[in-house]
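Asker: Next come the chains, spelled out residue by residue.
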Amino acid sequence: MTRTATSLQLSLPSPPAVVRTTRQYIRALYAELLSDLDVVERLTMATEELFENVVKYGAPGEASLNVELRREGGHSSLEVSTLNRVSVEARAALQACFDELSAARDATAHYDAVISRSRRRTEGSGLGLARIQAEGEMSLTCHFDASSVVIAARMELIEEGST
Amino acid sequence: MMDLGLSPLRKEGFSLEPLDSGGTLVLELCGSADMEIVGFLPVYFKSVHAEVQRMRLAEVVLDLHALYFMNSSCLKSFVTWIDLISQLPVRSQYRLRFLTDPHLQWQKRSLDALRRMAMGTVVIETWTGGGQ
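Residue numbers (the working numbering), protein chains in the order written: chain A, 219 to 381; chain B, 56 to 187.
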């Protein structure tokens, strides 16, 4: 098995500029490792959405972003995950969002419903996680402990002619 | 020649240029529409919406062929704009015609979601270069 992992640690609050810099770095790095530009774009989008949520909504303290590419035999997978401290309010909102995501039978139909609901929303877009699931074709998981949350987005890959 | 009451929006890593292309209003978006841009887009699109009504235009062309990334908050700015259009009387509603680069596959994914939201308002075409 080969494993390529990228990890970024940061302390919140952090300036928004860190999100763009990180997204650009992840895109450049994984474009070198993956032959499929569409996969790189989906990974880039998921990285942006998850990391943006950390920077915008994470409680002060340590946080991290991890991206991991695993290749074993003919099977590969990509996972992007974030870890951050979370307030009680943000935890409840996040749990509700994941309850909806897991109840949705069709990722695209759910995304469309979230978009429709966001039309007149004034705070945040509320689209990020549904977008990762629908546009990114990635599965999402969420694990809480006492004061922090880990959110992971994962895709299985079929690679042809990858380096 | 249109009397465009719109100014360019230029930020680090992103630009939005309003152009008069033979009587058609073209908005050319370049770079990355992300967290550092999101505060500006809703205001800008609202002013475009007002200009389109003032000039009684039937469509706005959004040239995205050099837009390499868009986050969900910026995507939501388009959702709000489309919602504003849907609130107009039918005879005043106008189209948003998106010109895309098929090599940037996120564009199709994201714009398809907008099209599903408003089939009659959102048109997606492939950018072929030059004035369209």
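If you are wondering where the hints come from, they were derived from the structure by calculation, not from laboratory data.
Heads up, some of the hints might be wrong.
[To be verified] With a straight-line cut-off of 27 Å between C-alpha atoms, the simulated DSS-like cross-links for lysine-lysine are:
(1) Lys101/B - Lys163/B
(2) Lys163/B - Lys66/B
(3) Lys101/B - Lys66/B
(4) Lys274/A - Lys101/B
(5) Lys274/A - Lys66/B
Asker: Are the Cα positions of Lys101/B and Lys163/B separated by 27 Å at most?
Answerer: holds, 24 Å
Asker: Against the 27 Å threshold, does the CA-CA distance of Lys274/A and Lys101/B hold or violate the hint?
Answerer: Status holds; Cα separation ~25 Å.
Asker: Holds or violated: are the alpha carbons of Lys101/B and Lys66/B at most 27 Å from each other?
Answerer: holds, 18 Å
Asker: Decide if the proposed pair is consistent with the structure: Lys163/B and Lys66/B, CA atoms, cutoff 27 Å inclusive.
Answerer: With Cα atoms ~25 Å apart, Lys163/B and Lys66/B stay inside 27 Å; holds.
Asker: Against the 27 Å threshold, does the CA-CA distance of Lys274/A and Lys66/B hold or violate the hint?
Answerer: holds, 20 Å
Violated hints are absent here; each numbered hint is respected by the structure.
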